[in-house]
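Chemist: Each chain is listed here by its residues.
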Amino acid sequence: MRELPAYYGFWHYLGHYGLRVLVALVLAFLMLPILIIIPLSFNVEPYFSFTEGMLRLDPDAYSTRWYEQVFNDPRWILSIKNSFIVGIAAATLSTVLGTIAAVGLASPVMPFKRLITALLLSPMIVPVIIIAAGMFFFYTRFNLVGSHLGLILAHAALGIPFVIITVTATLTGFDRSLYHAAIGMGASPLKAFWDIVIPLIRPGVISGGLFAFVTSFDEVVVVLFLAGPAQRTIPRQMFSGLREQINPTILAVATMLILISIALLVTLELLRRRSERIRMGTSA
Amino acid sequence: MTNTSSAYLRFQNVKKTYDHESLVVKDFSLDVAKGEFLTLLGPSGSGKSTVLMMLAGFESVTSGEISIDGVSITRLPPYKRNIGMVFQNYALFPHMTIEENLAYPLTVRNMAKAKIRDRVGEYLGLIEMQKFGKRFPGQLSGGQRQRVALARALIFEPSLVLMDEPLGALDKKLREQMQYEITRLHQMMGYTVIYVTHDQTEALSMSDRIAVFDDGIVQQCASPAELYERPRNAFVADFIGENNFIRGRVSKVEGEVVHIALPGGDTVTARAESELRHDQEAIISVRPEKLFVEPTSHASDNRVPARFVTRHYVGDFIRYYFQLSDGTEITVKVLNDLTAPNFSEGDEAGLVWLIKDCSAYPA
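Chains as they are written, first to last, in my numbering: chain A, 17 to 300; chain B, 862 to 1224.
It cannot be assumed that every hint is accurate.
Unchecked claim - Quick list of in silico lysine-lysine cross-link-like pairs, DSSO-like style, CA-CA up to 27 Å:
| id | chain 1 | residue 1 | chain 2 | residue 2 |
| --- | --- | --- | --- | --- |
| 1 | B | 1033 | A | 207 |
| 2 | B | 941 | B | 992 |
| 3 | B | 941 | A | 97 |
| 4 | A | 207 | B | 974 |
| 5 | B | 992 | A | 97 |
As the list claims (entries may be wrong) - Computed footprint of chain B on chain A; a stretch qualifies when at least three of its residues, placed anywhere within it, have a C-beta under 8 Å from a C-beta of chain B:
| id | stretch |
| --- | --- |
| 6 | 100-106 |
| 7 | 210-221 |
Derived by calculation from the structure, the hints in this document are not laboratory data. Cβ atoms here follow ideal geometry from the backbone N, Cα and C, with glycine treated the same way.
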């Protein structure tokens, strides 16, 4: 640890360590509600609280029965399947559309850039409940309510802004003369885009896609409006589970979701480092 | 100017405007011979880069024609023009190795793999970088990257090579080395080069011809020596190299030679670079190294008295500052040898020079 300055007096020390305690408290405030779920999901009893056995760390007080229950309940299985189908399809769609939009917006000859950017980012700013209500009325006309396609389209719309933001961020560092160089060497614009632009903005594209996936994965409001019983996703199932079957199954699902989130975060960080290496030009 | 029959690259009345009001390039016409090294030289915003961008196809031509070997390329997309280009920031693809970078233009031309490998090896040898083929651009020094960029612009045997201030980002030593490298490859392979720079030393030492740009038009297009020795107008005289300018009035016209009366009462003779009439305001230019301080063994046609102000020691030469009686400042470059005179401030001296080193322009 860093050595403290020699001129430190009592109040300096108080401030120095006080700040650390405060930071730890803020961190606990953020993390505890999430972390508390993990041990509780291994509760042998169907309660949402720590039993005496758990506090004594008695192995018999812990079990994986709620996990088994998740994987034996057809409703949970269906919702997990739905979440992945909708999430992956929506993320793919948002990634493709968002990347194209970001590349277009980065072009120096694009007119009305600010207005179009604002419009494209609006799904992130407008309250979800309004979007969901609007989509419900709009999609009804096309018979998309209560279909997988409807949910995928809706979630793709919500995910596009994230892709636009991350891809735009990587594009701001993109040297347009690379694209010109490729074209000058005889590559068609499409080939130059595929060979040069895409590999260099790939980290932004992938992290945008992951954000879009997570957005769809934990979205519940739009699902409440648009999904029928056959389109139930994990958050929707948890939502009804909270009312119908009060037991730690939900906590087991929640724990798995936390692990997935952590995995995605780690992926993002690795991608960020990789892109930084490429920018420094030392990637291998 | 090259004659019509030897024209390989040809600009005919090319104009460019971005806003439909002011022309960035005004009526640009120029013929370039095959194998020529032509430099577009000018201050920033003079239109030289716009000409290059139109040639490469990244900017459209407002009006006029550009043709290579008699075939118009004005309406050809950049990827069909077969023009190699070296960018100022190298524009090497950071995610590809040096070999992959060099192979790229061949790959997009669907050349056979074995042939690509041979050609890449050959060009790596040409730039003496055989050992670096598997490295990434980020692992090379600036000079090495520049050499790769050069090889990549040449490897597909383009009909023309464009270089947009390729040495701008290098330090002085490396720049001189790369100038040599570019000249060597040009002489060895004989390709046609259009080179853009604002660095006149670079332009003078490398080019067959230089087109000096200002304000969207070519002020003069000539060989480096002609440009330096016989600038056609005051802008070129000032832009290329150092120059002294003295104002006066035409007192007599004798064909190519004019007599100019200076405000201080002296009269000097100069070569008229453009039409000058009797009693017209004129400006004469004479380069600092063509001026000599009396006493001197050099022949002289003109002599004006001047007052010594100060001198700056540069190293290989010494720069003397004088003032004429009307206050005009005159710089004289004197070789740093035993004959370099010693003056103290306010000393009177005579400055002499030859008619052939002195040009007169309308003021």
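Chemist: Which hints from the list above does the structure break, by number from lowest to highest?
Modeler: Of the numbered hints, 1, 2, 3, 5 and 6 do not hold.
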